[in-house]
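For the record, the sequence lines run as chains A and B. Under full-length UniProt numbering, the residues of the first sequence are numbered 1 to 214, in order. Under full-length UniProt numbering, the residues of the second sequence are numbered 1 to 252, in order.
Worth flagging that the hints you see were computed from the coordinates, not collected in a lab. All residues carry an ideal CB built from backbone N, CA and C; glycine is no exception. Careful, some of the hints might be misleading.
What the hints assert, rightly or not - Reference excerpt, derived from the structure (chain B facing chain A, CB under 7 Å, subset only):
{"#": "1", "residue": "19"}
{"#": "2", "residue": "22"}
{"#": "3", "residue": "75"}
{"#": "4", "residue": "120"}
{"#": "5", "residue": "174"}
{"#": "6", "residue": "181"}
{"#": "7", "residue": "206"}
{"#": "8", "residue": "209"}
{"#": "9", "residue": "227"}
As the list claims (entries may be wrong) - Restraint-style ranges between C-beta atoms, simulated for each label pair:
{"#": "10", "chain 1": "B", "residue 1": "75", "chain 2": "A", "residue 2": "8", "range": "55 to 61 Å"}
{"#": "11", "chain 1": "B", "residue 1": "144", "chain 2": "A", "residue 2": "159", "range": "42 to 48 Å"}
{"#": "12", "chain 1": "B", "residue 1": "162", "chain 2": "A", "residue 2": "99", "range": "29 to 35 Å"}
{"#": "13", "chain 1": "B", "residue 1": "33", "chain 2": "A", "residue 2": "150", "range": "30 to 36 Å"}
{"#": "14", "chain 1": "A", "residue 1": "187", "chain 2": "B", "residue 2": "55", "range": "25 to 31 Å"}
{"#": "15", "chain 1": "A", "residue 1": "187", "chain 2": "B", "residue 2": "59", "range": "17 to 23 Å"}
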Amino acid sequence: MSLATLLVLGDGRLPSGGHAHSGGLEAQVAAGRVHDVTSVGEFLLGRLVTSGLVAAVFAACSCAQPAAFRELDAGMDARTPSPALRKASRAQGRALLRAGRAMWPVATIGRDPHHPVALGALANAAGLGPLEAAVAAAHGTVTGPASAAVRLLGLDPYEVHALIARLAPECDRIAADAASRIGDPVDDLPAAGAPLLDIGAELHATWEVRLFAS
Amino acid sequence: MKASAHIVAESDGRGGTRPSVLRGESPLLLRRTGRRGGGDLTVHLVGGAAGPLRGDDLRLDIEVGPGARLTVRSVAAQLALPGRLELPASRLAVRATVAAGGTLLWAPEPLIAAAGCHHLAATEVTVERGGTLIWRDDIVCGRHAETSGTVKTEVLIRYAGRALYRHELAIGPSAPGWSGPAVLGGGRAAGTVVLAGPSLPRAALLGGDAVLMPLAGPGMLASAVGPDIRAVAAALDPLCVLPGRTVEKLAA
């Protein structure tokens, strides 16, 4: 495993369209639930242990077995009740796949897979293992909304990055948990949900003017 | 306490539904309610003891046969309570199957997570193609002005052989971030209705933090979060109505 390759996969500057998405943060800012560094931190933790865990598990499984992409993709569908979030996940999966294909020989996994399924396939093509795929997925569920928070709320970027650093051990724990689930039947894999992320995504999708796609 | 209950609903061949099995034991007692003879079958769960408490292992099996129409409700909220700490978490496993042409409405009163409880609610529903399902689950985070206990719900709903909806929700002191702005946002109640089958409503905003959205498969999810259970009920109750019989079935 190449540590530098993992950094390439986890780099926020990877041109895969992630900057256009707030990970549900914009909707909760509008609802008044997220307004300062503390509430951003609570949002990030809640997202990490729910969507982040699911993303980490599916990235790990996809990395271990990219050929199982159809089953994994259907598993993500069953865990993503919001059509706006399914659309956002597939748009980001497609964009990531495009970036990935320019770097590594990525397996065939369909045109617009869910983002974690694409991430796992990229990790596999890059010679990384399931644990690394899971770490990149978990970390990404935190960094996306964190940078959106700086833009939406004009927060101190140093303080927001300190939140990301504080969540790093939790990202590691979740990734280890995720990697241990490889081989489990898809229906048994974790499905930790966050009702306000689903509800917020649907409300957000009806807005006429918004800064982020999701 | 270990207990199980079993409901089998079957068509009586004359447009009505009868219980070919209706068996429960405390604290999962079953009572047939509503009009008898010729109509749909309605069964109420009646709590025969306090709880669930730590150590309780409860199981409910529901089978709805072809052409049968079953409604399951409960007479009161289910109150998950603490128990002796050395015992495992209390557990309620509900399994249901709905055959093609069968209809099941599951709409019990909410599960209340009393302070200090540790409860697991596991639901597995399998619906054949052509079956109809309306599956409601509400949760309340603690009694009035009380901190929430720990509850984890796990749901898997399959339709026509494929996972339609797979969801878990963890609340309480062992679930980091649960009351934060990504999960319940300080809301004290949350509820869901999964609707599956041939005839589905359109997507809609249900007011406040409540939305009815199309799943990837042949179903819809209504999800609501509110400051209390009344807000959730206001959004979700209107969806928990059995669809009418088709004219063809009435004539038969």
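Against the structure, the hints:
Interface restraint check: residue 19/B against chain A, minimum CB-CB distance 30 Å, threshold 7 Å, status violated. With a cut of 7 Å, the hint placing residue 22/B at the interface with chain A is violated, because the nearest CB-to-CB distance is about 30 Å. Given hint, residue 75/B at the interface with chain A, is violated; its Cβ is 27 Å from that chain's nearest Cβ, farther than 7 Å. For residue 120/B, the shortest C-beta to C-beta distance to chain A is roughly 14 Å, which exceeds 7 Å, and the interface hint is violated.
Look at residue 174/B: its Cβ only gets to about 11 Å from chain A, farther than 7 Å, so that hint breaks. Annotation: interface hint on residue 181/B holds; nearest CB of chain A at approximately 4 Å, less than 7 Å. Interface hint status for residue 206/B: violated, as the beta-carbon distance to the closest one in chain A is roughly 9 Å, over 7 Å. Interface hint status for residue 209/B: upheld, as the beta-carbon distance to the closest one in chain A is roughly 5 Å, under 7 Å.
Restraint check, residue 227/B versus chain A: the minimum CB separation of about 13 Å is more than 7 Å; hint violated. The hinted window of 55 to 61 Å between residue 75/B and residue 8/A holds, with their beta carbons roughly 60 Å apart. For residue 144/B paired with residue 159/A, a C-beta distance near 37 Å fails the hint of 42 to 48 Å. A hinted range of 29 to 35 Å for the beta carbons of residue 162/B and residue 99/A is consistent with their spacing of about 31 Å.
Checked against the given bound of 30 to 36 Å, the beta carbons of residue 33/B and residue 150/A, roughly 57 Å apart, lie outside it. The given range of 25 to 31 Å is respected by residue 187/A and residue 55/B, whose C-beta atoms sit roughly 28 Å from each other. Checked against the hint of 17 to 23 Å, the pair residue 187/A and residue 59/B passes, with Cβ atoms roughly 19 Å apart.
In summary, the structure is inconsistent with hints 1, 2, 3, 4, 5, 7, 9, 11 and 13 from the numbered list given earlier, while agreeing with the others.
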